[in-house]
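2 protein chains.
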Amino acid sequence: MKLPVGLNNLVEFLQRLPGVGPKSALRMAFYLLQTPDSFNDELARTVGDLRKNVFVCNECFSVSDEEICEICQDNGRNKQLMCVVERADDVLTIESLGEFRGIYHVLGGAINPLNHIGPEDLRMVELLNRVEKYEIKEVVVATNLSLEGEATALYIKSKLNKEVKVTRIGTGLPMGADLGYADMATLQRAMDGRREI
Amino acid sequence: MKLPVGLNNLVEFLQRLPGVGPKSALRMAFYLLQTPDSFNDELARTVGDLRKNVFVCNECFSVSDEEICEICQDNGRNKQLMCVVERADDVLTIESLGEFRGIYHVLGGAINPLNHIGPEDLRMVELLNRVEKYEIKEVVVATNLSLEGEATALYIKSKLNKEVKVTRIGTGLPMGADLGYADMATLQRAMDGRREI
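For the protein sequence lines, the chains are A and B, in the order given.
No gaps in the numbering here: position 126 of the first sequence is 126 in the working numbering, and each next residue is one more.
No gaps in the numbering here: position 48 of the second sequence is 48 in the working numbering, and each next residue is one more.
One chain only, chain A, in its complex shape:
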């Protein structure tokens, strides 16, 4: 049985969203068939207007309601402590901790030679300019713990003035982990990163 065209189109669009496979796309599409019309109209409008209503912060390149985001506008923040992340949603993740009181910089990805992403494809020049402009004392590199994230961290370290302290988020075993199931690379990092108790 062929799906009706309108339904099939929707399933194909939904399937391209991250984490959505054919089965869940179908389930969502059938759900949307039986929601009140107003729901679908509102959803359509929200998706269509997304880019009009959401700005990218001119300073840190995070998402924002305005041209400069809340965090960059906040005078209570330590503007000499900067956390560098790959993507805008990483800012949210770190903010959800409620611990970090500095500012952010969203690179827009990580160096990835296999996918032809070099430093020039990231917001690296902007990073260096901001570090200089705000006389930043510490840059916390919170890129992912992948090969690409690590390479990006090393690249940032190499480009920054020696007076700027460059730190990397801690690596080691996650909380609740069982030593027996840890991979060697993580275990090595955990040993190297041991701290006095």
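Since the hints were derived computationally from the structure, they do not count as laboratory data.
In silico contact screen, one side only, chain B against chain A (beta carbon under 10 angstroms); selected entries:
1) P4
2) L17
3) F39
4) V56
5) V63
6) E66
Once the Cα atoms are required to be at most 20 angstroms apart in a straight line, the calculated SDA-like pairs of lysine to any residue come out as:
7) A:K2 to B:C72
8) A:K2 to B:I71
9) A:K23 to B:R16
10) A:K23 to B:P18
11) A:K159 to A:R130
12) A:K52 to B:N40
13) A:K2 to B:F55
14) B:K23 to B:T35
15) A:K2 to A:S24
16) B:K157 to B:R123
17) B:K2 to A:V56
18) A:K52 to A:D65
19) A:K23 to B:D90
20) B:K157 to B:D121
21) A:K157 to A:Y134
22) A:K157 to A:P113
23) A:K2 to B:N75
24) B:K2 to A:Q73
25) A:K133 to A:Q80
26) A:K2 to B:E95
27) A:K2 to A:Y31
28) A:K79 to A:K137
29) A:K2 to B:K52
30) A:K2 to B:V56
31) B:K133 to B:V164
32) B:K2 to A:R87
33) B:K52 to A:V5
34) A:K2 to A:R27
35) B:K2 to A:E67
36) B:K23 to A:A25
37) A:K52 to B:P36
38) B:K2 to A:D65
39) A:K2 to B:G102
40) A:K52 to B:V11
Computed from a predicted structure; not experimentally measured.
Glycine included, every Cβ here is placed at the ideal spot set by N, Cα and C.
Assemble the complex: chain A is given as a structure, and chain B must be docked to it using the hints.
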């Protein structure tokens, strides 16, 4: 950090889709922030127009491109064998087997007293009318194996003329199952439903 309003609205809509939690909604929303504009516009249009382009079959209440669905229009189908399902996507599931050559009837749910869904809220009258009109010989009740689905099956059996054969899809252990992990109700059904080999 508050999410920008446009993004937050989208996250709230996406979260209401089945199988989408706060984290995956956020991931999808951020994905939609960086897709080409045309993708979002097309997705918005497809969602908004869904109900305009997809019909409910006037006969079996499955989804269709036309007023009468492909299956109901198909003369190669056995019109005296009817499979009753709860939802339109169940038709797709059974069709994907490629085994069943009869017609369908979509009830639109199952009897569920706790949620105040009685037979009058389902397409039960339509079912009885169709069984009579097509002089159907066998009704295969393929509602879910839940309490509600079972009650619905019994209700259908009670309402149909004694000359109509009413069958229920087979119950028992799923393929690949381990006896040790089976629940008692399934095991009981598997014993009751044993067949000669």
